[in-house]
Amino acid sequence: MDNWGIIIYFILIGVLLFVGKLLKKYVPFLNRIVLPTALLGGIIGLLLSSVFIPGSYVIDVEVMTSIVYHALAIGFISLSLKRTKTDNKKKVWSTGMVITSTYALQGFIGILMVLLFYSDKFVGAGMLLPLGFGQGPGLATSFGRMWTDMLNGYGVALGASYAFLGFVFGGTIGVLAINVLARRKGVEKTKRYWDDSINKTNIEIDTVKEISVLDGLTVQVVVIMLIYGLVWLTLFLLEGVLLNLGNIGQTIFNLLSGFNFILGIAYALIYKQIVKKIEKKGKNLNFMTNDYMLSNISSLSFNFMITGAVLTITIDFLTEFGWLLILVSAIGGFATLFYVRFLTQKVYSDYKDEYFVGLFGMLTGVASTGIALLKGLDRNLESPVAEEMVLGSGTAITMALPLFGFLMLPSLGYGQSYEGIFELIALFGCLAYVIVMFVILMVRSKKTAVKK
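Everything in the sequence shown is counted per my numbering, starting at 797 for the first residue and increasing by one.
Some hints could be false.
What the hints assert, rightly or not - The calculated SDA-like cross-link candidates involving lysine to any residue, where the alpha carbons are at most 20 Å apart (straight line), are:
{"#": "1", "residue 1": "K1142", "residue 2": "Y1067"}
{"#": "2", "residue 1": "K1142", "residue 2": "A1131"}
{"#": "3", "residue 1": "K878", "residue 2": "Y1067"}
{"#": "4", "residue 1": "K1148", "residue 2": "W889"}
{"#": "5", "residue 1": "K1242", "residue 2": "W889"}
Derived by calculation from the structure, the hints in this document are not laboratory data.
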């Protein structure tokens, strides 16, 4: 049975996703909270493993970490290859600033809690809070992997745990908030929260002979693998160059290796531009990009990533980081709740409650968590909130780039004489981000109120 190797882990994740879907569908309690099927599957797998049942199956954390690492990159490459056009003309900077300032607040709280109560730990243990809550398991586990040596080998598990607690916090507290707001607004409360896709796809078929799902799928997989092959080649070449530069070269290479998905996105965008230029010359390359297939590949990859990320949690990790995780997540979660509530009351003139539940869900889970909570007050998504949340998250990534720079500083100074200085720069850099964004939002909201 040695030749089964890694395929056993794919089978395990597949079975857990299937069981999670059944439970989510038929267990009343589970469909009354916002809990992704992939996360539920991971929880079930964790509960049945040796972490909670001595003598049960043991997860090879290194193998599972590799699955999570590659699934994240493949998912982002698939999304980047889609031809779907988005409307970027709308002004969604206020929503982007709300999102970015909340990231910064979460980062400030995470770093502060570690410095105050767990000064023997690397501050990355707190910096993973905004990545897990604000960005979800993808970036949290990616950064955790980069910092894993500084976190005693538990970086991926810590990132996954923050994302897990973020989902739970948003999915439970968010539903309670919806119930209160729905009663106040006189809106019928939502009784079920499904995590089915809200998108509809129309597939046009010209002739029966053209129905060939396998061929369409094969083309997309081949393109993705070619792009990911370029990512591997890039990292392979950079490794040979950077490792000759000593510790600084090793640090830079680890950083680039952790951002494999960003390299994948870059190559995917270059590929799209090449295809567009060829098509402008009259060549028909529609078969090279199938949005329907790419959406399903990305969904599959992200579901495997989420389930696998939860399975990286071990009993040793819980022993070392359990209380830190609970403290930082609890304070960060409630701070997010009250901060987002305050901002949405001040920044938006209409749909204040809808913006609150949607953004709170997004800033503790992922975009789909926010959409699911939003549907509790805006069942048919008739308000502009959902679209502005999605577009605002795009502007937030741009505005948050310097913030990610602050979060990287402590790892660059780790073990050096200036480590403490870099930690303080990261701490007050996050605080400065909160203050600047907050002031701009208040000024913009006052100007809008005066115009009205």
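Here is how each hint holds up against the structure:
no. : hint          : verdict
1   : K1142 - Y1067 : violated (43 Å)
2   : K1142 - A1131 : holds (17 Å)
3   : K878 - Y1067  : holds (11 Å)
4   : K1148 - W889  : holds (16 Å)
5   : K1242 - W889  : holds (15 Å)
The structure is inconsistent with hint 1 alone, although it conforms to all the rest.
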